[in-house]
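As they're listed, the protein sequences go chains A and B.
Note that the first sequence covers residues 1 to 615 in the numbering used here.
Note that the second sequence covers residues 1001 to 1244 in the numbering used here.
I should point out that these hints are in silico values taken from the structure, not numbers from a laboratory.
All of these numbers come straight from a predicted model, not from anything done at the bench.
A few of these clues could be false.
Just the calculated beta-carbon pair ranges, DEER-fashion [what the hints assert, rightly or not]: (1) A:Ile326 - B:Ser1069: 46 to 52 angstroms; (2) B:Val1233 - A:Ala377: 43 to 49 angstroms; (3) B:Gly1179 - A:Tyr484: 48 to 54 angstroms; (4) A:Val524 - B:Leu1021: 20 to 26 angstroms; (5) A:Phe294 - B:Glu1130: 57 to 63 angstroms.
Derived coverage of chain A by chain B (criterion: at least 3 residues anywhere in the stretch with Cβ under 8 angstroms from a Cβ of chain B; other residues may be distant) [stated by the list, open to error]: (6) 179–193; (7) 226–233; (8) 270–282; (9) 512–518.
Anything over 12 angstroms on all C-beta distances counts as not near chain A; from chain B, calculated [claimed, not checked]: (10) Leu1021; (11) Ala1030; (12) Phe1038; (13) Ile1043; (14) Asp1061; (15) Ser1079; (16) Glu1128; (17) Val1136; (18) Leu1139; (19) Lys1145; (20) Ile1190.
Virtual Cβ for every residue (Gly too), placed ideally from N, Cα, C.
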Amino acid sequence: MATLTFPIPRPIHPTGVWGWITTIDHKRIGILYGITAFVLFLTGGIEALLIRVQLAAPDQDIVTPEVFNQLFTMHGTTMIFLAIMPMGAAFFNFIIPLQIGARDVAFPRLNAFSYWTFLAGALMLKLSWVLGAAPNAGWFAYSPLTGLAANPGHGVDYWIVSLMLLGIASLAAGFNFLVTIVNMRAPGMSLMRMPIFTWMTLLTAILIVLAFPVITVALIELMFDRTFGTNFFVVSAGGNPILWQHLFWVFGHPEVYILILPAMGIVAEIIPTFSKKPLFGYPVVVLSGVTISFLGWMVWSHHMFTVGLGPVANSVFTVTTLIIAIPTGVKIFNWLGTMWKGSILLNTPMLFALGFVGMFTIGGLSGVMHASAASDAQQQDTYFIVAHIHYVLFGGAIFGLMAGIYYWIPKVTGRMFNEAVGKFNFWLLFIGMNIAFFPMHFTGLDGMPRRIYTYSSEMGWSFWNGVSTVGAFLVAVSMLIFVYNIAKCWLRGEPAGDDPWDARTLEWSIPSPPPEYNFVEIPVVQDRDDWWAQKRRQVRRAVPVAGGSEDGVEHSIHMPQASYWPFLVSIGLFIGAYGLIFNFAVAALGGVLAMISTYAWSFEPVNEPEETPSH
Amino acid sequence: MEQAIPPAAHGAEHEATTTGLNHRKLLMWAFLGSDCLFFAALIASYLVYKGRSVVGPFPQDVFDIPVTSVSTFVLLISSMSMVLAYSALTRGSLKVFRIWILSTALMGMTFLAFQVFEFRTFATHKIEVECAGLEVQELTAIEQKVAEGCAAGVEKVVEQHGLTPKTNLFGSTFFTLTGFHGAHVTIGVIWLLSLFLYSFRRGGVTPERHLDVDLAALYWHFVDVVWIVIFTVVYLFGVFEGFQ
Chain A
1 MATLTFPIPR PIHPTGVWGW ITTIDHKRIG ILYGITAFVL FLTGGIEALL
51 IRVQLAAPDQ DIVTPEVFNQ LFTMHGTTMI FLAIMPMGAA FFNFIIPLQI
101 GARDVAFPRL NAFSYWTFLA GALMLKLSWV LGAAPNAGWF AYSPLTGLAA
151 NPGHGVDYWI VSLMLLGIAS LAAGFNFLVT IVNMRAPGMS LMRMPIFTWM
201 TLLTAILIVL AFPVITVALI ELMFDRTFGT NFFVVSAGGN PILWQHLFWV
251 FGHPEVYILI LPAMGIVAEI IPTFSKKPLF GYPVVVLSGV TISFLGWMVW
301 SHHMFTVGLG PVANSVFTVT TLIIAIPTGV KIFNWLGTMW KGSILLNTPM
351 LFALGFVGMF TIGGLSGVMH ASAASDAQQQ DTYFIVAHIH YVLFGGAIFG
401 LMAGIYYWIP KVTGRMFNEA VGKFNFWLLF IGMNIAFFPM HFTGLDGMPR
451 RIYTYSSEMG WSFWNGVSTV GAFLVAVSML IFVYNIAKCW LRGEPAGDDP
501 WDARTLEWSI PSPPPEYNFV EIPVVQDRDD WWAQKRRQVR RAVPVAGGSE
551 DGVEHSIHMP QASYWPFLVS IGLFIGAYGL IFNFAVAALG GVLAMISTYA
601 WSFEPVNEPE ETPSH
Chain B
1001 MEQAIPPAAH GAEHEATTTG LNHRKLLMWA FLGSDCLFFA ALIASYLVYK
1051 GRSVVGPFPQ DVFDIPVTSV STFVLLISSM SMVLAYSALT RGSLKVFRIW
1101 ILSTALMGMT FLAFQVFEFR TFATHKIEVE CAGLEVQELT AIEQKVAEGC
1151 AAGVEKVVEQ HGLTPKTNLF GSTFFTLTGF HGAHVTIGVI WLLSLFLYSF
1201 RRGGVTPERH LDVDLAALYW HFVDVVWIVI FTVVYLFGVF EGFQ
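Based on the sequences and whatever the hints tell you, model everything.
The structure is reproduced here in structure tokens:
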């Protein structure tokens, strides 16, 4: 096999920090994603606490209005793009290859590229606090707030380029998991035998692949307006700010399902395991997921009911939005049906999963309320919407992801967390979040607009805002407990064993933590809950690896080798993105680095020739 | 075709797959699906703003359909030579492969040269008004403005009213859409030239590794198909009456 040689030798068995930088092992990348996303989640939490402190009482000026605008913009962008999405990606990375019986993802180096580009985008956004000014136009950055006239600083530019980087990272991951799930399933794992989390990940990957190009175009148009003087959103030239809203929400509503489908998948893994019953109505759950992903493209204008699109548009989008509540409701009944007459074990992951079901249902109900255009006219841009989004994304997505962390941390670390601390963590979080977010329904219906930096004491919103702030701090405390519990589990938890939950899916059939190659033998799947079935019948089915006995088999498994090119491409993109804001020469430099590294990557074989078996 | 390759020949990427499709081929199709949405959003932006420009030049002022037809023809023919290149490679004729892949790249470059020429022409677009027998009602708004320069003894007024991305909505949407298509063609040309050069390396491009060329061909055909849409929606609909 011919290869071009490059001056720097390839890292064959790197260790230490260099090992993490060049790793292409999906499990290590998953851990990197998880830890990075959680740290960023904490920074978004600090921003939220500052918002809550400012709003705790009327007429306060702890932060200036300008900083307040930056806080809510950064909080929203951070939580959606830097916390929930990458936490989902952490699960995709760690769990999906294990659930489908594969040794890695389809494109291991592309996977490393996704992580490093995500980190580049995250750093770019967060650095805006230090390097100049943070963006201040809200997480959906409506035009004309983002135009040069209203927003001459560089905050919006940072927001644009970091979202572009994050989009590239998400697209790369979306392609990778789409191909991995479609093409790398163990023998016998037909689509309708796939674990439900794998199904939801497949749907999420499809949504990412189709939704992110649209926001990319919107970002390009905005960037061209600001940098090259084009007229896309310039009203005096005939431009229409509503175009931004359409492009943003055509992406933005599928994005909502990109955030929630992985959490739904996690919960649908946990509830059957701890109810000791298979998932009730598995085909219906799959079909609901598919329906949600499809209908998710037809509801975007419900974010724009008060824009004035006219009664026909408002009616159509009211109907489609009400329809999408049906498959969502079906899923909730599937989870309830799974628990019906099951022998339920109420441990920490199960509590979080049940918390998800309850809180997501509340968020779903308020969602149905503003699905109606007439009712939404009262609720648009009030704290009622803030309450809704936090019930679906905090009570929903975050609870689901935390349930997943508690459920799979024994697999990731090989160690068990403290169950008592975990339960305390759950109850404090559950109570804290309801104290923080439920009062927002009241203040919202009372007319309190979102995104105001303070309010007069005469408005009558003081009491419930104070309550919300108390709740926010309870949430913060319980997050610290969570960090303590997970860190302690990782460092000195009791050994967990390979299958502590008597679980159903293939990742529990291998050691904890899994070896680098995951499966010594590729499993052969004959059932939907295959690992359960294998345990009940006391048979293990697998395809033995060609060549070598059981003992020597580990040496005959050839895993893809580490590579630093993905890391270098991401650095090139980071420099290029920074240059797009300030200096096109710097942008060109970054582009050249990215291009050279891409070339080197293309010509680098998955394994060095001398390592591949001779043929 | 895929089954003919020994599975161990090219490392882990050629392992047996669930669908029988190669991972990279599936990736390319997924990418093209994604790219469809990218161009769809750009074309949608163009159509939303069609006829909304406050000042000229407008499509019918600048478009030169015969010239663009030539470049369109060249790009479409390049798809055929791409097919011939791939076919030559799978039949094991590396020399013929080189001829066709190079001519594909050259045709791509010809298209790009036309695009550069077109952008320059638009940017320096001039408006001429004959002052003799002036019928103000028959002039477009921008021509009327130019005609204000007609004074006694002046036969003809010429003013430069170039179209740039800054000029109006038409300029913004047109240059962004066709510019990103041009960027796609540029990447394709670099890819084809890389394959051409790599084919001189022993074992670089071989019939067994035809997938390397197949993927480039898929991309190239896609870029062509997108141009058919752009040429129809932007150029033809922009000029012919009834579509305006």
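- Query: Per the stated criterion, does the least C-beta distance between B:Lys1145 and chain A lie above 12 angstroms, as a non-interface residue requires?
  - Reply: At roughly 17 angstroms from the nearest Cβ of chain A, B:Lys1145 sits farther out than 12 angstroms, so the non-interface label holds.
- Just tell me: holds or violated, for the beta carbon distance of A:Phe294 and B:Glu1130 against 57 to 63 angstroms? 59 angstroms, holds
- Message: Holds or violated: the 20 to 26 angstroms window for the beta-carbon distance between A:Val524 and B:Leu1021?
- Response: 21 angstroms, holds
- B:Leu1021 remote from chain A - nearest C-beta pair above 12 angstroms: 7 angstroms, violated
- Compute the least Cβ-Cβ separation between B:Glu1128 and chain A, then decide whether it is above 12 angstroms. Holds: least Cβ distance 25 angstroms, greater than 12 angstroms.
- Task: Examine the segment 179–193 of chain A: at least three residues should have C-beta closer than 8 angstroms to a C-beta of chain B.
- Result: n = 6 at 8 angstroms, threshold three: holds.
- Message: Does the beta carbon distance between A:Ile326 and B:Ser1069 stay inside 46 to 52 angstroms, or does it fall outside?
- Response: Holds: the Cβ-Cβ distance is about 51 angstroms, inside 46 to 52 angstroms.
- Query: For B:Asp1061, is the shortest beta carbon distance to chain A beyond 12 angstroms?
  - Reply: Consistent with the label, B:Asp1061 stays out of reach of chain A, its closest Cβ about 16 angstroms off (over 12 angstroms).
- Query: Taking the beta carbons of B:Gly1179 and A:Tyr484, is their distance inside 48 to 54 angstroms?
  - Reply: 53 angstroms, holds
- Taking a Cβ-Cβ distance under 8 angstroms as contact, does the segment 270–282 of chain A have three or more residues in contact with chain B? That given contact is violated, which follows from only 0 residues of the segment 270–282 of chain A lying within Cβ reach (below 8 angstroms) of chain B.
- Do at least three Cβ atoms from the segment 226–233 of chain A come closer than 8 angstroms to Cβ atoms of chain B? holds (count 5)
- Item | Status of B:Val1136, Cβ more than 12 angstroms from any chain A Cβ | 24 angstroms, holds
When held up to the earlier numbered hints, the structure conflicts with 2, 8, 9, 10, 11, 12, 13 and 20 and fits the remainder.
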